[in-house]
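Colleague: For reference, the chains in residue letters:
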Amino acid sequence: MIETMTRVAAARYSELAARSGKEVRIGDKRIALFKLTNGDVRVIENQSPHPKGGVLSEGLVSGEYVFCPVYDWKISLIDGKVQAPDTGQVKTYEVLIEDNQVYILL
Amino acid sequence: MNKKKLVMIGNGMAGVRTVEEILKLAPEQFDITIFGKEPHPNYNRIKLSTLLQGDTNFNDIIMNPLDWYEKNNINLYTGEAVTEINKEDKTVFTDRGRKVEYDELIIATGSNSIILPIQGAEKEGVTGFRDIDDCEKMIKVSGSYKKAAVIGGGLLGLEAARGLLNLGMEVKVIHLMADLMERQLDPTASGMLKKELEAQGMEFLMEKQTIEILGDDRVTGLRFKDGSEIDADLVVMAIGIRANNAVAKENGIYINRGIVVNDFMETNIPNVYAVGECAEHREIVYGLVAPLYEQGKVLAARLCGKENASYQGSVTGTGLKVSGVDLYSAGEIQDDETTKAIKVHNEFDGVYKKILIRDNKIVGIVLYGDTNDSTKLFRILSKKEDISGMTSVSLLQSENSGEEGENIAAMPDDELVCGCNGVTKGTIVEAIHTQGLTSVDQVSCCTNAGRSCGRCKGMVGRILSHTLGESFKADLQKISLCSCTTLSRDEVVAEIKEKGLTNIREVMNVLEWKNEEGCTKCRPALNYYLGMIYMDEYKDDRDSRLVNEKMHANIQKDGTYSVVPRMYGGVTTAEDLKKIGVVAEKYNVPLVKLTGGQRIGLFGVKKEDLPAIWEELGMPSGYAYGKTLRTVKTCVGAQFCRYGTQDSMSLGIRLEKKFERLDTPHKVKMGVSACPRNCAEAGIKDIGVVGIDGGWEMYVAGNGGVDLRAGDLLCTVKNEDEVMEMAGAYLQYYRETARYMERTSKWLDRVGLKKVQEVLADEQTRKSLNERMDKTLQKYIEPWNDAIEHEQILEKYYKVTEKN
Ligand code: SRM
Ligand SMILES: Cc1cc2nc3c(=O)[nH]c(=O)nc-3n(C[C@H](O)[C@H](O)[C@H](O)COP(=O)(O)OP(=O)(O)OC[C@H]3O[C@@H](n4cnc5c(N)ncnc54)[C@H](O)[C@@H]3O)c2cc1C
Ligand code: SF4
Ligand code: FES
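If you're matching them up, the sequences are chains A and B in order. Note that my numbering gives residue 90 to position 90 of the first sequence, counting from 1, and the numbers run on in steps of one. Note that my numbering gives residue 125 to position 125 of the second sequence, counting from 1, and the numbers run on in steps of one.
Hints are computed from structural coordinates only; laboratory data are not their basis. Hints should not be assumed to be uniformly reliable.
[Said to hold, decoys possible] Straight-line C-alpha distance at most 20 Å; calculated EDC-like pairs for lysine to aspartate or glutamate:
1. B/K799 to A/D28
2. B/K195 to B/D95
3. B/K593 to B/E616
4. A/K29 to B/D543
5. A/K29 to B/D558
6. B/K799 to A/E15
7. B/K796 to A/E45
8. A/K29 to B/E347
9. B/K557 to A/D72
10. A/K74 to B/D543
11. B/K606 to A/E45
12. B/K803 to A/E45
13. B/K803 to A/E64
14. B/K514 to A/E64
15. B/K521 to A/E64
16. B/K803 to A/E15
17. B/K521 to A/D28
18. B/K803 to A/D28
19. B/K796 to A/D40
[As the list claims (entries may be wrong)] Which chain B residues face chain A? A few, computed with CB under 10 Å, are given here:
20. G215
21. D543
22. M551
[To be verified] Okay, the calculated beta carbon distance ranges per label pair:
23. B/N346 to A/E94: 22 to 32 Å
24. B/E802 to A/L105: 16 to 26 Å
25. A/T92 to B/N509: 23 to 33 Å
Note that the Cβ used here is the ideal one computed from N, Cα and C, for glycine as well.
Starting from the given sequences, assemble the full structure and let the hints guide the process.
Modeller: Okay, here's the thing in structure tokens:
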């Protein structure tokens, strides 16, 4: 089966603030975009894997991790893995940056 | 028994250390007299750089307070200089006409700043950088002038320049050579340093020779050899120091560059010794404390008749005490035909390391950006170890890589941990074991490690936790700020002040945080401490606040927010009620509720609707989400109630208006009732005020939350003004001493009601606490309005992008 990927223009790279998250809604998908201190952009689903849920875009960003703002879980922005002692994984998305345009690959 | 009379000229670092060593070896042998020209007890001169930045105060840098002299029966004469030595009578004379006899005489007069002998050097506004007096001068000038020029781009000059930047001045550094710190760094490292300092705001004029200082009485500028000029209101000469041997001159004491001494610190005159920066040993005059302390040890042993050791000279390593700059150098600096170099240059991370090798031995080290290897490399250099068996990788492997415990375990006992005081790992471990030490401060006390520049304290802490093992680690975790550091709240706050750290990134860098960007425990805490310390100039780091404070709204489980506007003292108006009604309807707010804090909350608001709702309400934020003043509940009181003895509503409103928005370690709630029936529940508030006939009772540390606690009576006062004054002082004392996230109830239990009462009993203390409080309160602005007015804030925090 061939999977087709759609790319969605989600933000202008220069307008993203470092160490900060941004919520993007694409159709009914809620997605959180983070720009790290090193300039990388990481994209994950804006939904904590915590049983009670909660958004992630407003979490505190430290290096390549975001701390869930509601229950303080530490989550990797690289692979979406929840760090010990908690467990779980958030869906991650690929990003493409071309000419200051940030695309999310869905 | 007749004690021998020991007299010392100079009350500085090397001299007093020598006396400390003497007291250790033979506490009863001498009757000691010390003369010091400065009007202070012995202080840590190294820390003048931080004093200049205005972040440490003088008390913090005193090493031997006056009662130390008293306890050890030392006759101390401060503000009094010795002007003459009479070697025949064995007496000294002072500028106050005092004459004192000696059996043994130590000269420890240090050095003076070199002042360029150019035209205008005597003008007002020209200073060296050597003592407290110089610092006070600079701090004073910075209060009324803007432009500073520092002549000299060496260690001292750059530290002075950094201090002046912190004092809010524009700083130009003038350097004669092409490279900064050319005696400690090679051109590559020097270039990196220059770039960093430029980024910090320093301006450099390189290869410039100053020939004249311009101005009438006061300096107004500098002229250079090439004819160019600059404006300057302050000129700091930091081109070097010269041994101060004025008293030794004309007395037949042999002087070259310094007072010449042999391997036992003896001068050519019997019973006269010299130690410290005024002494010259084997043609070297040292300018760092490490060798001077070694000299002091040798001299002490000599004077006490323990003759085993002699002084053989020292190899020294240097660093620069400017935050954001990590550099270290020792030994030879420049490559030549006889040396081979191992170099690592990682431009991306800003790291440069160079090791110079001759005949399989390290002869020079230059490290920039990462100085973790410095102790190891310095040991190999100073021991002249043969390195032919080592690979360049193993030489340059940072001690921080890998398991920390393993690194400490692998560290040889004779490795130097504290360069300033020559303290090895073995000495520290032994002291921990034999004397049962459990804190870095205790180790400092017993071994001297960490007592000078302080850069080794982190390593001392790691050795301590490694030596004491798991039990200690668990203990340490409990009191440390978070798992990113082993330092406790008090240690972190002290370091911030001492080192003049001004932002979170700097704190984490300098104090060697384990996670580069911290976590949800330390980031908000550091943001609070910095804001508390630098009352009006700290730039709040909004992204280090947790979601509620960052968004100025309380997040709910489904990602919506609540909006709770201020309703001062629980008193509202028909107009405000209407506005709330209209907004609730227009935005379909799912829940409108009276909160437990006597006001109205709108719950379930969508993030993107927050700014519009705030704007339409036009009311200030009630901060129902912050570590700050929440509500001041009031009862109707004397205005209406038949029992009321005081006007509780207006006092409540006054309190709320005064302290709203203030950052506090945890949330603070207040209540004001007009009689002891206490309808406003003032007995379970952080500050509760209860009206009585002819005055007010003030209760503190009440809590209605998880650990229910009734407030304690702090004091009874006569009128509203006194309530305001006491509340301000109490809150500020809490702000300055509590741990972040420690509610007043827990804090008071820890500190003790009595202690707090004692502190607040002093009028002067109350006054200065209130001054700091008032200064702090000036910086706040209304956050909802701020968001509405600033597109960048709206864009960054509240906009949601919608795509199909
Ligand atoms: C809205 C309100 C409940 C209500 O419907 O009335 C409320 C709501 C919350 N309280 Fe409260 N507290 C409210 C009055 C109180 C009171 C009563 C009071 O102020 O007189 C108390 C007990 C008194 C006290 O604090 O001493 C109270 C003790 C707590 C505690 C326990 C504090 C403690 O030290 O033990 C927490 C948890 C915490 O702060 O860590 C808490 C935490 C919370 C949080 C902020 C939990 C959170 O982080 O999400 C709730 C936010 C809900 C939301 O979506 O906005 N709330 N909370 C009240 C808002 C008052 C206001 O106008 O600002
Ligand atoms: C800003 C600054 C930063 C420094 N940073 C470092 C550093 O990071 N690391 C490091 O190792 N070193 C540093 N140093 C150097 C270090 O402070 C000195 O090496 C050390 O203080 C020298 O000790 P001393 O006792 O010889 O002289 P001092 O500490 O200068 O003491 C001499 C004292 O004698 C007094 N005196 C002089 N003449 C008379 C007299 N006739 N009668 C009575 N009293 C007299 C002087 O007033 C002075 O108080 C720094 C120095 C400065 C100024
Ligand atoms: S506290 Fe006293 S004065 Fe206030 S309402 Fe209650 S009874 Fe009245
Ligand atoms: S290295 Fe300076 S005090 Fe230890």
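Colleague: None of the hints should be skipped; say for each whether it holds.
Modeller: The hints, checked one at a time:
1. For the hint pairing B/K799 with A/D28, the CA-to-CA distance comes to about 17 Å; that is within 20 Å, so the pair holds.
2. Distance hint between B/K195 and B/D95 is unfulfilled; the C-alpha atoms sit about 48 Å from each other, more than 20 Å.
3. Pair hint B/K593 plus B/E616 holds up; C-alpha atoms about 19 Å apart against a cutoff of 20 Å.
4. Restraint check for A/K29 and B/D543: the C-alpha separation of about 25 Å exceeds 20 Å, so the hint is violated.
5. Distance restraint check for A/K29 and B/D558: the Cα-Cα separation of roughly 15 Å lies within the 20 Å cut-off, and the hinted pair is therefore satisfied.
6. Restraint check for B/K799 and A/E15: the C-alpha separation of about 12 Å stays at or below 20 Å, so the hint holds.
7. For a cut-off of 20 Å, the pair hint linking B/K796 to A/E45 stands: about 19 Å separates their Cα positions.
8. The suggested pairing of A/K29 with B/E347 is violated, with an alpha-carbon distance near 41 Å, which exceeds 20 Å.
9. Note on B/K557 and A/D72: the hinted pairing holds, with a Cα-Cα distance of about 13 Å set against a maximum of 20 Å.
10. Pair hint A/K74 plus B/D543 holds up; C-alpha atoms about 16 Å apart against a cutoff of 20 Å.
11. Proximity of B/K606 to A/E45 is assessed by CA-CA distance (about 19 Å); at most 20 Å being required, the pair is judged to hold.
12. A hinted pair counts as satisfied when its Cα atoms are at most 20 Å apart, and B/K803 with A/E45 qualifies at roughly 15 Å.
13. For a cut-off of 20 Å, the pair hint linking B/K803 to A/E64 is broken: about 26 Å separates their Cα positions.
14. As the CA atoms of B/K514 and A/E64 are separated by approximately 14 Å, the hinted pair is consistent with the 20 Å bound.
15. Of the pairs offered as hints, the one joining B/K521 and A/E64 holds, with about 17 Å between alpha carbons and a cut-off of 20 Å not exceeded.
16. For a cut-off of 20 Å, the pair hint linking B/K803 to A/E15 stands: about 17 Å separates their Cα positions.
17. Distance check on the hinted pair: B/K521 and A/D28 sit about 34 Å apart at the alpha-carbon level, beyond 20 Å; violated.
18. A hinted pair counts as satisfied when its Cα atoms are at most 20 Å apart, and B/K803 with A/D28 qualifies at roughly 9 Å.
19. Distance check on the hinted pair: B/K796 and A/D40 sit about 17 Å apart at the alpha-carbon level, within 20 Å; holds.
20. This hint is violated: B/G215 has a C-beta 46 Å from the nearest C-beta of chain A, more than the 10 Å allowed.
21. Annotation: B/D543 was flagged as interfacial toward chain A, and the flag holds, the nearest CB pair being 5 Å apart, inside 10 Å.
22. For B/M551, the interface hint holds, the least distance from its beta-carbon to any beta-carbon of chain A being 6 Å, beneath 10 Å.
23. About 29 Å separates the C-beta atoms of B/N346 and A/E94, a value consistent with the hinted range of 22 to 32 Å.
24. Separation of B/E802 from A/L105 is about 19 Å and conforms to the stated range, judged on CB atoms against 16 to 26 Å.
25. The supplied range of 23 to 33 Å is met by A/T92 and B/N509, whose beta-carbon atoms lie about 30 Å from each other.
Against the hints set out earlier in the document, violations occur for numbers 2, 4, 8, 13, 17 and 20.
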